[in-house]
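My numbering puts the first residue of the sequence shown at 3, with every later residue one more than the last.
Read the hints as simulated data drawn from the structure, not as lab findings. Since we're looking at a predicted model, the values are computed, not measured. We put the CB at the ideal spot given by N, CA and C, even for glycine. Be aware that one or more of the hints could be misleading.
[As the list claims (entries may be wrong)] No more than 16 Å apart at the CA atoms, straight line, and that leaves these computed lysine to aspartate or glutamate pairs for EDC-like:
(1) 50 - 133
(2) 347 - 396
(3) 50 - 325
(4) 84 - 246
[Unchecked claim] Quick list of the computed label-pair ranges, beta carbon to beta carbon:
(5) 118 - 257: 20 to 26 Å
(6) 203 - 256: 34 to 40 Å
(7) 182 - 217: 43 to 49 Å
(8) 119 - 99: 36 to 42 Å
(9) 295 - 195: 21 to 27 Å
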Amino acid sequence: MTPLLVVAGGGHAGWRAAQAARAADPALRIVIAGEEPHLPYERPPLSKDALLDPQAAGAALATAQSCEQLGIEVRPGAAVTKVRRDACSVELADGSVLAYDRLVLATGSRPRRLPAAVDPQGIAMYLRTREDAAAIAARLGAARSIAVLGAGFIGLEVAAVARQRGLEVTVIERDARVAGRALPPACAQRLEDLHRANGVRFLFGAQLAAILPAAGGAASLDTDRGRIEADVVVAGIGVLPNVELAAAAGLAVDNGILVDAAGQTSDARIWAAGEVTRHPVRGESAGLRLESWQVAEQQARCAGASAAGARSEHAAWPWFWSDQYGLNLQCLGSTPAAADVVVRKGARGEETHFFLGAGRVLRGAIAFNAARDIGAARRLMDQGVPLDAAALADPAAVWQRWAA
Numbered sequence: 003m004t005p006l007l008v009v010a011g012g013g014h015a016g017w018r019a020a021q022a023a024r025a026a027d028p029a030l031r032i033v034i035a036g037e038e039p040h041l042p043y044e045r046p047p048l049s050k051d052a053l054l055d056p057q058a059a060g061a062a063l064a065t066a067q068s069c070e071q072l073g074i075e076v077r078p079g080a081a082v083t084k085v086r087r088d089a090c091s092v093e094l095a096d097g098s099v100l101a102y103d104r105l106v107l108a109t110g111s112r113p114r115r116l117p118a119a120v121d122p123q124g125i126a127m128y129l130r131t132r133e134d135a136a137a138i139a140a141r142l143g144a145a146r147s148i149a150v151l152g153a154g155f156i157g158l159e160v161a162a163v164a165r166q167r168g169l170e171v172t173v174i175e176r177d178a179r180v181a182g183r184a185l186p187p188a189c190a191q192r193l194e195d196l197h198r199a200n201g202v203r204f205l206f207g208a209q210l211a212a213i214l215p216a217a218g219g220a221a222s223l224d225t226d227r228g229r230i231e232a233d234v235v236v237a238g239i240g241v242l243p244n245v246e247l248a249a250a251a252g253l254a255v256d257n258g259i260l261v262d263a264a265g266q267t268s269d270a271r272i273w274a275a276g277e278v279t280r281h282p283v284r285g286e287s288a289g290l291r292l293e294s295w296q297v298a299e300q301q302a303r304c305a306g307a308s309a310a311g312a313r314s315e316h317a318a319w320p321w322f323w324s325d326q327y328g329l330n331l332q333c334l335g336s337t338p339a340a341a342d343v344v345v346r347k348g349a350r351g352e353e354t355h356f357f358l359g360a361g362r363v364l365r366g367a368i369a370f371n372a373a374r375d376i377g378a379a380r381r382l383m384d385q386g387v388p389l390d391a392a393a394l395a396d397p398a399a400v401w402q403r404w405a406a
């Protein structure tokens, strides 16, 4: 009998895992059981282009034709609801049962929601799916103002699109700066300045007490910094990994499904892929759960190939990007607080912050409209050589001269 690989999750990570498994084993039967009623698609456009045009959607990763060509069966709207490890089987939302030989969990994450006591009528909107993006885009088209809860990257991208569409934008953030978990202060300040220059108002250190209906279909937001009214409220206050399926099955879980570099869980027949995982990260002493396109793309491929018998370990430096107001921000590696920071500025406003660790070895880089610097930084991080700070700061110095 042909072995069966079941992929629980029909998103980006699930599809890449299935593709890699197919490449590793052309004879393997592969079934993707997805929660959404769509074939797999990419999510980054949802907070950008899809909010500018209600007819736009996340970029499709799979089509009916590509599924057929690869011999991958996708079951939209039939999420795995239970894993029976003792029987090596999964139960699906449509009532069917599949007996697996190998299983990949690619269950993703979900938006962290406001407590019911704060938003008793469910006024705040959240962004995760195509339907979410279409609903927000439609509301923006009829609105004059928006309150964005959270100044992380999703919140900032929503704010940027709203300003492009001509809305008044207020961002409410309980921290003291934007992107506090992802960017060091100097880089966060540049991003904040960009938003302020485009007319965004920030309320930092603000605690939200309640969201209630106001006149004319608007919302009233009560904070310890005063009351704000907005036609639309979008919350981008983080995500929670969908670990419930794994936890109920008795797999090791701790802020994500715990996996090794190949995506292997605590069960020899089960792997996990994408942002639901907490996996080893290059340059870090402990495993991390990362929410990025790179993880859904690359770590998932490793997990899928490994599940199909061709062990592959994820060893890329962590990397992510964000596009706001025509600015391309890219972050590579880590940015330790104790690192020596060298700033490289170009003639057209491009800017890169390099983070040097012990022995002047590059640990990470953050680039504003300087994608080439990120490519060079990646090569130098691979080499692990000491760098010359003066050459790093010199915009005329080619990257081959950056080494000491």
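Evaluated hints:
A C-alpha spacing of about 14 Å is found between residue 50 and residue 133, which places the hinted pair at or below 16 Å, so the restraint holds. A threshold of 16 Å between alpha carbons decides the hint, and for residue 347 with residue 396 the separation of about 8 Å falls inside it, so the pair holds. Distance hint between residue 50 and residue 325 is fulfilled; the C-alpha atoms sit about 8 Å from each other, no more than 16 Å. The suggested pairing of residue 84 with residue 246 holds, with an alpha-carbon distance near 10 Å, which does not exceed 16 Å.
Judged by the Cβ atoms, the range 20 to 26 Å given for residue 118 and residue 257 holds: they are separated by roughly 24 Å. With their beta carbons about 38 Å apart, residue 203 and residue 256 fall inside the hinted range of 34 to 40 Å. Remark: the range hint 43 to 49 Å for residue 182 to residue 217 is contradicted by a beta-carbon distance near 34 Å. Checked against the given bound of 36 to 42 Å, the beta carbons of residue 119 and residue 99, roughly 40 Å apart, stay inside it.
Between residue 295 and residue 195, the C-beta spacing of about 26 Å keeps the proposed range 21 to 27 Å intact.
The structure shown violates just one earlier hint, number 7.
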